[in-house]
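Listed below are the residues making up each chain.
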Amino acid sequence: MASTDTFASLRSRYLPDHLIGEILSKRWIDNAIPFSALVLTVVVLGSIIPDFFSVSSLSDLARQFAEFGLVVLALTIVMISGGIDLSVASVFSLAVLFSLIGVNVYELPIPVVLGGILVMGMGCGAINGVLVGYLRLRAFLTTLVSLIIFRSIYEIVFLRMSTSIMSGFSMSEMWLFIGEGTIFGVPTSLVITGVIALAWHLVLSRMRPGWRLTAVGGARRSAFNAGINVRFMVFLTYVASSTMCALAGFLFAARLGSTGSDTGVGLEVQALTAAVLGGTAIGGGRGSVAKAIIGALLVLLLTNGLINLGISGPITSTILGAVLLLAVFVDMRWQKHRHRILAKVYVSPAYLDLPPAPVVDAPGSPYALNDKLRSVEIIGLGEIEGPEDVILDRDDNLYCGTRHGDIVRFFGPDHKRSEIFAHIGGHPLGMQFDRAGNLLVCIGGMGLFQVAPDKTVTKLTDETNRSWGSVVDDSRLRLADDVDVAPDGRIYFSEATIRYEQEDWATDALESRPSGRMICYDPSTGKTHTEIPKLVFANGVAMCRDGQSFMFAESWTCSISRYYFDGPKKGKIERVISDLPGYPDNINRASDGTFWLALLGMRGPALDLALKMPGFRKRMARRVAPDQWLYPNINTGCVVKFNEKGEILDSLWDLGGLNHPMITSMREHKGWLYLGGVSNNRIGRYRLPDADPNWCAQDEYWGPRT
Amino acid sequence: MGKMRLSQEGVVFALALSLFVVFSLTLNNFLTGGNLIALVRSVSILGILGLGMGLVVIGRGIDLAMIATMVVSLSWVLSMAQGGTPLGTALLLGAVLALSIGLVSGILIAYADIPAIFTTLAMGLVAYGAGRAFLFQIDVQNTPAGVAWFDFLGSGMLIGIPMPIVAFGVLAAVLALVLRYTRFGRFVYAAGDNAIAARITGIPLRPLIVAQYVVTSLIAFFAGIVMAAAVSGMSTRVYNSTMIYDVLLVVVLGGISLSGGRGGVRNVLVGTLLVGVLLNGMTILDITYTTQNLIKSLILLLAITVDSFINPRDEQTSQQSQGDI
Chain B
1 MASTDTFASL RSRYLPDHLI GEILSKRWID NAIPFSALVL TVVVLGSIIP DFFSVSSLSD
61 LARQFAEFGL VVLALTIVMI SGGIDLSVAS VFSLAVLFSL IGVNVYELPI PVVLGGILVM
121 GMGCGAINGV LVGYLRLRAF LTTLVSLIIF RSIYEIVFLR MSTSIMSGFS MSEMWLFIGE
181 GTIFGVPTSL VITGVIALAW HLVLSRMRPG WRLTAVGGAR RSAFNAGINV RFMVFLTYVA
241 SSTMCALAGF LFAARLGSTG SDTGVGLEVQ ALTAAVLGGT AIGGGRGSVA KAIIGALLVL
301 LLTNGLINLG ISGPITSTIL GAVLLLAVFV DMRWQKHRHR ILAKVYVSPA YLDLPPAPVV
361 DAPGSPYALN DKLRSVEIIG LGEIEGPEDV ILDRDDNLYC GTRHGDIVRF FGPDHKRSEI
421 FAHIGGHPLG MQFDRAGNLL VCIGGMGLFQ VAPDKTVTKL TDETNRSWGS VVDDSRLRLA
481 DDVDVAPDGR IYFSEATIRY EQEDWATDAL ESRPSGRMIC YDPSTGKTHT EIPKLVFANG
541 VAMCRDGQSF MFAESWTCSI SRYYFDGPKK GKIERVISDL PGYPDNINRA SDGTFWLALL
601 GMRGPALDLA LKMPGFRKRM ARRVAPDQWL YPNINTGCVV KFNEKGEILD SLWDLGGLNH
661 PMITSMREHK GWLYLGGVSN NRIGRYRLPD ADPNWCAQDE YWGPRT
Chain A
1001 MGKMRLSQEG VVFALALSLF VVFSLTLNNF LTGGNLIALV RSVSILGILG LGMGLVVIGR
1061 GIDLAMIATM VVSLSWVLSM AQGGTPLGTA LLLGAVLALS IGLVSGILIA YADIPAIFTT
1121 LAMGLVAYGA GRAFLFQIDV QNTPAGVAWF DFLGSGMLIG IPMPIVAFGV LAAVLALVLR
1181 YTRFGRFVYA AGDNAIAARI TGIPLRPLIV AQYVVTSLIA FFAGIVMAAA VSGMSTRVYN
1241 STMIYDVLLV VVLGGISLSG GRGGVRNVLV GTLLVGVLLN GMTILDITYT TQNLIKSLIL
1301 LLAITVDSFI NPRDEQTSQQ SQGDI
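Chains as they are written, first to last, in my numbering: chain B, 1 to 706; chain A, 1001 to 1325.
Because the hints were derived from the structure by calculation, they are not lab data.
Each hint can be trusted.
Some, not all, of what chain B presents toward chain A, calculated at C-beta under 10 Å:
| # | residue |
| --- | --- |
| 1 | Arg138 |
| 2 | Ile148 |
| 3 | Ile319 |
| 4 | Leu320 |
| 5 | Val323 |
| 6 | Leu325 |
Okay, derived cross-link-like pairs now, SDA-like style, lysine to any residue, Cα gap no bigger than 25 Å in a straight line:
| # | chain 1 | residue 1 | chain 2 | residue 2 |
| --- | --- | --- | --- | --- |
| 7 | B | Lys344 | B | Trp334 |
| 8 | B | Lys527 | B | Arg562 |
| 9 | B | Lys344 | A | Asp1113 |
| 10 | B | Lys670 | B | Asp414 |
| 11 | B | Lys336 | A | Asp1113 |
| 12 | B | Lys455 | B | Asp406 |
| 13 | B | Lys372 | B | Asn633 |
| 14 | B | Lys336 | A | Pro1207 |
| 15 | B | Lys612 | B | Ser9 |
| 16 | B | Lys336 | A | Ile1200 |
| 17 | B | Lys527 | B | Ala436 |
| 18 | B | Lys336 | A | Asn1194 |
| 19 | B | Lys572 | B | Ile532 |
| 20 | B | Lys670 | B | Ala486 |
| 21 | B | Lys645 | B | Ala486 |
| 22 | B | Lys336 | B | Arg623 |
| 23 | B | Lys336 | A | Ala1197 |
| 24 | B | Lys336 | A | Ala1112 |
| 25 | B | Lys572 | B | Ala486 |
| 26 | B | Lys534 | B | Ala343 |
| 27 | B | Lys336 | A | Ser1259 |
| 28 | B | Lys336 | A | Tyr1111 |
| 29 | B | Lys344 | A | Ala1112 |
| 30 | B | Lys336 | A | Leu1103 |
| 31 | B | Lys26 | B | Ser470 |
| 32 | B | Lys612 | B | Asn633 |
| 33 | B | Lys344 | A | Tyr1111 |
C-beta atoms are modelled at their ideal positions from N, C-alpha and C, and glycine is treated no differently.
All chains should be modelled from the sequences, with the hints used to inform the complete structure.
See the structure below:
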């Protein structure tokens, strides 16, 4: 028994199970499979084809890639916006033809030819764009027809001009430079394509037009409702696509100097295969320059390899068709099931051995059961939802957050009337007043905000330093939870977990993994840094009276610790309480020099035992519906008082949880204790029999009102 | 009001008739017996293919692999027959091949959720490439000599009507009855109109989709038999031509909406008539093959533009998950 426990503990400590889910949830995972396929193709072809890596074959490949990559990129842009452009192939061949006519037959200057070709591309794209974007025709069929139309034009013109193209010849230096020259050893055409690809990468990933493009493809109706000019965006993608294909055709013409009746035939299927193989989603919303490049390389290597191996044309086209079908199939399945796969592997419970829970109903227990919180006064019943934390100012006004994203102010002293003090948008959690009377508030999913007495809202911080070992991007704040302020103004706040959103807190409880932390924001420098990493659901924070340390709660380990951020013990953590009967939430000061602590739920023997069996909890998360999982018992309300030595001095209960189940916070103010709960629709007010009737936390923190 | 409204097939029919009259008056060789027979022959094959395409389009699908199916299966049949296999056996094997192509397309579309237009485009490539590589070696296959019923199917007459036209008429009648009076036919309309609603109602949507593509493949095979009999052979050039767009033109011009659930055999008939007259007229006018392609594509583009105005796409029932394609 003991050895299995040790094994489970070691395994959960040293085997990073949670990384699988975190890696799968990254966006770049879509590129991993195509990229490995590419590496595999290179290795296989490199080993069976002689001279595969020779300079001449590589430079030839680079030039082919410059043209083909541009076409694939063009198609990718259209596909990201939710459309498709099959006419890429015939726009390409038209551009080849007209470039050669311009250069060889009419001997026009190269820049004029290039300009003309680009304008021709724009024109072709504008036709597609008007038809698909503005007239709302089906993209696939429409571009299939325009493919035929442009192709027919190509054939008609080609028949008339082919002999004069063949007999003509250009001596232009520039033409040669584009076709055969290099810049620092890199083929000119590849440099041109590289610059365009880089520009598109920046537009797609860093700039507003690119985001709008992705939005149109991801959810057309939502994009329209968000005010994006959907039709114009779609129009633009077709114009961009055809222009890039025209440029690709120009490069091809410069390289080969001739054209045939089969130039560009079947290019659309190759480009489509490349785009889908790279991982660009059919139907839009997902795609990138990197995906286009990977896909283009993959298809180019495959077709060249097959030709090198002497495989006949029909078989090559069969293979290409089959690869296209397979890629679309995998893509469709992946899109449909990735969330399900992720949900199955993401939850990764850790081993946690809690000390035995204290027996609360034993005689003389400091946790002696009572129903003192059963008959408290009720404030704001039904008017508010989810006051996770409550706080009072010097004028007895009561502030609380609601899950609608408001901070509501109840006017003192009777708290009958209320107003919306500020609307921030996320669910406000822990709150505290700073020296100037600003209300600091942690917003789940958003970060740390400040509301001035004149109701202006300021974002203080929503990011911290990125830690190197973390796969999940832990620089963004996902669940800022409770906050307190040091005498010098530094703000310490907890982030419960970096792995889950607020509504999934119970899944984090099932994991009980150290994925929370304590963060410090310094208003004098405006900098944020992680003060204590790897805490198990870091929750309540309260400054100690010595001005150089604070108490903090870790919910799933049922413990309270004290951290010294200044003074001789700087950087030290001392465990204060390690065997609470429930899961601690917010901590706040009491009037007699001690602390109040809310317990959001009670421990139970079944869940305690399950915490030592990570495999069991993993199976539960995989096979059982979430509402059947083992949860903390949140149907009991409990508030306890403790001192700096960790002794429990008092406890207040609402055993059946009739009025206040799941108490997440409490504030003492002028002889009353105010109770908040993240899932409650009310605030409670309990008369403390022997508390100082004039004590106000703001006075104790910052001195009496000046 | 209802009586005054012009239906699309009415307009198309009138258009076809007037075009016929104009060609008869202006073109010397148009209204001759030989030309009319040629017209009817080419039209009937297009019409048979149009019937198959019409079926899947009513079910909100599309089958771009029809021509490939036709060419590959018939070329294989003829190459087997040349090699000594009895024609009956060869035809049976060819039908099995066509059926399997349809089955694979249908399964990929219905069960793997790959958009129909993708699947059939790629299926066409795969089928043709594989056929060209493994099933037959030469580009033009001739029909075996001395099979009387096969020749009769191509050039015979039944009470004065050429056999290809009879075949087209019989198939059209059968399909009309199937679409109107059988459970399968009604389900095709239901699925084409609103696939999700049809599925919720309890219609076995996926098997239904597979069945559509199988039937269409078999119709393509049938069209291939008629074609091979009529021209005494099968050429792979048919695959490389733009015939599939002619078939689409027949369906869309006739008035079967690409958004599914609407139209019927009558639409295919008038579409076939118009396209047939048009193609024949252009041939007599000695317009080159590529220019004909250009004209046909422009007309097709015009037709789908008009279609999108007459049958605007319903955002609620169009397939959102597959974007705007």
